[in-house]
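Novice: One-letter residues, chain by chain:
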Amino acid sequence: MSGSNKKILLEQVADYVKDGDRVWTGGWTVVRKPMAMVYEVIKKRKKNLHLVGNPGGPETDLLIGAGCVIKTETNYIGHEVFGHPYNFRRKMEDEKHQGELFHDDWTVATGALRIMAGAMNIPFIPTRSLKGSDIINPSLDGFQALRGSDDKVPKKKVVLMEDPFWEGDTVALIPALKPDVCLIHAQEAGDDGTVSITGGAFLDYYAAVASGITIVSAERIVPREALEQTAESNVIPGEVVNAVLEVPNGAHPTALHRFYDNDPWWFKEYLEASKDEQRMEEWLEKWVYSMDHFSDYLEKIGFKRLQKLRANPVYGYNPDIKRRLDKLGGVT
Amino acid sequence: MNVEEQAPDKTGKNKTSYSQLEMMVIASSRLLEDQERVLVGTGLPLVGAGLAKKTHAKDMVVIMEAVAFDSNPQSLPFCVADARAVYKTRWVPTAAEVMGHFLQGGRIDVGYLGGAQVDQYGNLNSTCIGDYYSPTKRFEGSGGASDIAALAKKTIIIMAHEKKRFVETVDYITSTGWKCRSYDGKSLVYRWELGLDGGPFAVVSTMGVMKFDANTHKMYVDYYYADLGVTLGEIINATGFDIDTSRAKPMEPPTLLELELLRTKVDPEGIYMKY
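Line by line, the protein sequences are chains B and F.
All residue numbers for the first sequence refer to the working numbering, where the first residue is 1 and numbers rise by one.
All residue numbers for the second sequence refer to the working numbering, where the first residue is 1 and numbers rise by one.
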């Protein structure tokens, strides 16, 4: 995979994502999520996806709301202070949606350890966490019905074991995470696949190494020589990246360090729509299905609004952006 | 800093009005100490930690699970991965280092958490209300809270005081308190029986500060917000289990400085304080 030019088009991304795949979406809740690629996956009506990104943000709620997901295996699904993940909630709470989504609860530490184990190609890893929590209560396992029959799901959630090497403490063995596909958005990527990220790489290095296929969209695709100048911020080597694509604003409406902040107007409209199934469907038609290209989406958002979100290059965020949705004015 | 040891505010007690929400954030921030390594959860803990850094705990090391070690935000982060947490930070680690190495390695002094439900032993629920498989209300999930409650040297919990939130037994133990789930899921056992250190130190609510009895490990009222008109009877009524109020003392009201910093520097937009 060390060939030089790995550039693809956004329209090709869904070819790498098969129905039923375990998908890692990079970033962290409302930060640096691969939104343009997620919109593309939704547009191509992918089915039965098994989301393993830790933690999940709007991309996870969106994929659930668009009917692309049957399993979620993560520590969190939400939009942070903006509001609640209504599509996820509906699947879990409404009787008429019973059985449509299997959800397996985890934690931040174990999400990190599990994807690290996946990157190391070891089958499991011990942790001191989880003990005493209902997360490992054998009678409260959201994937119980799938264990042993679904080969994308670990046969057990956890095994408690006494440390055989040192003091004999009881530790929890937890299975490695092995995504089929990893989608990451970054500030820059080289045409050879080298990825440069600032403002926090989160768990994306581990995910890129652990996944069968890794695709990286970036604000800019540059010749690999350009990234040789920034080796310190190159967090993923091109060897584990299968394809790269240039998508400016590709993390919108989530934030991208040094480039743009969260779009509060997007969250306001989305949260309102996602409370109701019918309005969610209309939202998807308006913002996803009817868009021929991502540039149409950006045009619909509008230049003025995108300008409002631009980050101050020194701070890495936009110090003027309003973040309180109940007092949010229009884009002026 | 103990509240008892706090020097009297020479500018005089604050005569302006303040809210129970403000008192809650201020009371919790007072429990954080200078030099401590504090792992801060999302939501109100971000506000309380920001206030502590600007008042009595300037050298407190604020750590955020996603991205920041020794964070000194100039503007309130609205999640623990925000670029506002990264700016002026000493180190930008990942969750593998913060949670896998520092927390699991026993190097976190205080975990500072919010929650939807708490019980008499300080177990926290941020997962669901009702039956796990068909909940009446499903929440976002643990995030890092479960890990932090299990592995920090102590935890401070901040949440609104309502009967539906302060319950005898939480519907789901996301984050462990003093008496938590046995491995077979069938009973409650003391956390040390599972080899867990740490444990909840205080629950700071909109009515007072609760701590845990050294023998029974059940919650009792340590301070109540008498200056705001909160009575012990009101606390008893807003608590879904028997709570000991015999040790309760009135809470020192906010100083003018605390209120001013909270309102104008820590959360001027009212993102969490909802002014």
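Don't read these hints as lab results, they were simulated from the structure.
Treat the hints with care, as some may be off.
[What the hints assert, rightly or not] Label pairs and their calculated CB-CB ranges: (1) L257(F) x K152(B): 53 to 59 Å; (2) R305(B) x T16(F): 57 to 63 Å; (3) K164(F) x E272(B): 44 to 50 Å; (4) R107(F) x E232(B): 49 to 55 Å; (5) S187(F) x D169(B): 39 to 45 Å; (6) E232(B) x K265(F): 32 to 38 Å; (7) S187(F) x E95(B): 29 to 35 Å; (8) A214(F) x G20(B): 35 to 41 Å.
Glycine is no exception: its CB is placed at the ideal position from the N, C-alpha and C atoms.
Novice: Give a verdict on every hint.
Specialist: Hint check:
Separated by about 56 Å at the C-beta atoms, L257(F) and K152(B) satisfy the suggested range of 53 to 59 Å. Checking the proposed 57 to 63 Å range against R305(B) and T16(F) shows it is violated: the Cβ atoms sit about 38 Å from each other. With their beta carbons about 26 Å apart, K164(F) and E272(B) fall outside the hinted range of 44 to 50 Å. Separated by about 25 Å at the C-beta atoms, R107(F) and E232(B) break the suggested range of 49 to 55 Å.
Here the CB-CB span from S187(F) to D169(B) is close to 21 Å, at odds with the stated 39 to 45 Å. Roughly 33 Å separates the CB atoms of E232(B) and K265(F), a value that falls within the hinted 32 to 38 Å. Restraint check, S187(F) to E95(B): a C-beta distance of roughly 31 Å satisfies the suggested window 29 to 35 Å. In this structure the supplied range 35 to 41 Å is violated for A214(F) paired with G20(B), their Cβ-Cβ distance being about 53 Å.
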